[in-house]
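Protein chains in written order, with the numbering used here: chain H, 1 to 164; chain X, 1 to 92; chain R, 1 to 78.
Hints are supplied without guarantee of correctness; some may be wrong.
As the list claims (entries may be wrong) - Facing chain X, from chain H, some residues (calculated, C-beta under 10 Å):
no., residue
1, G24
2, N44
3, E82
4, L86
If you're looking for bench data, these hints aren't it; they were derived computationally from the structure. Beta carbons: idealized from backbone N, C-alpha and C, even for Gly.
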Amino acid sequence: MIEKIVVAAVVCWINFVMVDVLIGGLPEVPGVRGAKHIAHAIRNYGGNLNGGYMMGNIVCSPDASAGTLLASSCYYAFGSWEGGLLAATVVYFGNRICADPGYAGTTGTLTTTALIFIFSHFGFSPANFVAGMVLAIVTIQGLHHKYSSKILGSLARKMGTIEG
Amino acid sequence: MMVWMEYLIGAEYLIGAVLSVVVGGLIGMRGFPESKRSFQPSALFPTPVICLGALVMIKMIVGINIYISVVVGVLTPLLIKSHLNKLCPVVE
Amino acid sequence: MIKIVGALAVYTAIMAILTKDKPRRLPYLNAMNFCITGVIALSIQHPLGGLVALTYFILSTLESNAVASTMDRLMEVK
Numbered sequence: 001m002i003e004k005i006v007v008a009a010v011v012c013w014i015n016f017v018m019v020d021v022l023i024g025g026l027p028e029v030p031g032v033r034g035a036k037h038i039a040h041a042i043r044n045y046g047g048n049l050n051g052g053y054m055m056g057n058i059v060c061s062p063d064a065s066a067g068t069l070l071a072s073s074c075y076y077a078f079g080s081w082e083g084g085l086l087a088a089t090v091v092y093f094g095n096r097i098c099a100d101p102g103y104a105g106t107t108g109t110l111t112t113t114a115l116i117f118i119f120s121h122f123g124f125s126p127a128n129f130v131a132g133m134v135l136a137i138v139t140i141q142g143l144h145h146k147y148s149s150k151i152l153g154s155l156a157r158k159m160g161t162i163e164g
Numbered sequence: 001m002m003v004w005m006e007y008l009i010g011a012e013y014l015i016g017a018v019l020s021v022v023v024g025g026l027i028g029m030r031g032f033p034e035s036k037r038s039f040q041p042s043a044l045f046p047t048p049v050i051c052l053g054a055l056v057m058i059k060m061i062v063g064i065n066i067y068i069s070v071v072v073g074v075l076t077p078l079l080i081k082s083h084l085n086k087l088c089p090v091v092e
Numbered sequence: 001m002i003k004i005v006g007a008l009a010v011y012t013a014i015m016a017i018l019t020k021d022k023p024r025r026l027p028y029l030n031a032m033n034f035c036i037t038g039v040i041a042l043s044i045q046h047p048l049g050g051l052v053a054l055t056y057f058i059l060s061t062l063e064s065n066a067v068a069s070t071m072d073r074l075m076e077v078k
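Please model the complete structure; the sequences and the hints are all you need to start from.
See below:
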């Protein structure tokens with residue numbers, strides 16, 4: 001069981017970071033005022049400003065990270081892939097309420113639904129993905145803000161969405 | 001008359017999604033979104049997602065068939081074009 | 001599996017209390033909300049349990065958005 005959770009955590013981490021950086025463009029600008037405030041606090045602590053923008057945007061609106069968690073929990077609750085579609089609609093409206101266009105959240109939800117549908121043929125349960133996504137978000141937001149923001153900033157620079 | 005319809009059972013979600021994109025293009029929404037940060041709804045981005053979510057909610061309550069998915073696929077782009085930006089805040 | 005998620009929730013809550021910097025508490029609180037959503041979703045396997053998880057997470061995000069922008073505005077006033 002533990003190895004399934006670890007594999008699911010790696011898959012979820014790659015999925016939500018790629019969607020957030022490439023489609024949402026979260027490390028480029030702070031979407032709302034609160035994200036800028038959190039990013040400056042993280043920079044004063046010693047981290048990277050662009051990684052701080054991304055962490056502040058994750059806090060302030062339900063992006064692809066929330067989409068990954070909610071798609072896997074609704075897949076588990078419904079017992080089929082229809083839960084992922086319902087989660088996509090609700091995540092879209094949640095994004096719009098939080099003054100965000102909502103491209104990253106909806107795309108992340110749909111890609112996670114497809115990934116769980118593929119992995120369910122190899123013996124993975126959606127419950128593994130719920131626990132794996134919680135593990136993945138704790139490594140970003142909960143362990144050490146200095147190093148995680150530096151990792152996110154360097155990843156965004158390597159993918160070419162920010163310059164410098 | 002009903003023989004060809006039996007092939008479509010089980011494809012209600014596909015019919016709804018395709019029909020919502022087509023109707024959204026016909027009533028004059030733009031096809032692709034302008035940029036990563038534009039709030040204007042387009043035919044390809046929020047329309048099929050909202051149509052599929054509405055179909056799942058209807059299936060939870062009363063169940064779906066092909067007629068319901070056709071009606072939802074036609075009504076969703078109309079409602080999105082007229083009411084979505086009044087319902088949710090738009091930041092310039 | 002639910003015990004792992006619950007243990008992570010307790011860890012993030014303790015870290016949120018121990019952190020002195022006020023804006024940096026919000027990422028810990030956000031991670032705690034993720035954990036609680038996971039606990040809610042894993043404890044009931046029923047479509048209504050999924051709806052409860054969706055509602056809890058969207059509204060908690062809205063609340064942290066409001067808290068963060070209020071902090072920014074208070075800083076501007078000072």
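Status of the hints after comparison with the structure:
| no. | hint | verdict |
| --- | --- | --- |
| 1 | G24 | holds (7 Å) |
| 2 | N44 | violated (27 Å) |
| 3 | E82 | holds (5 Å) |
| 4 | L86 | holds (4 Å) |
Going down the numbered hints, you'll see the structure goes against just number 2.
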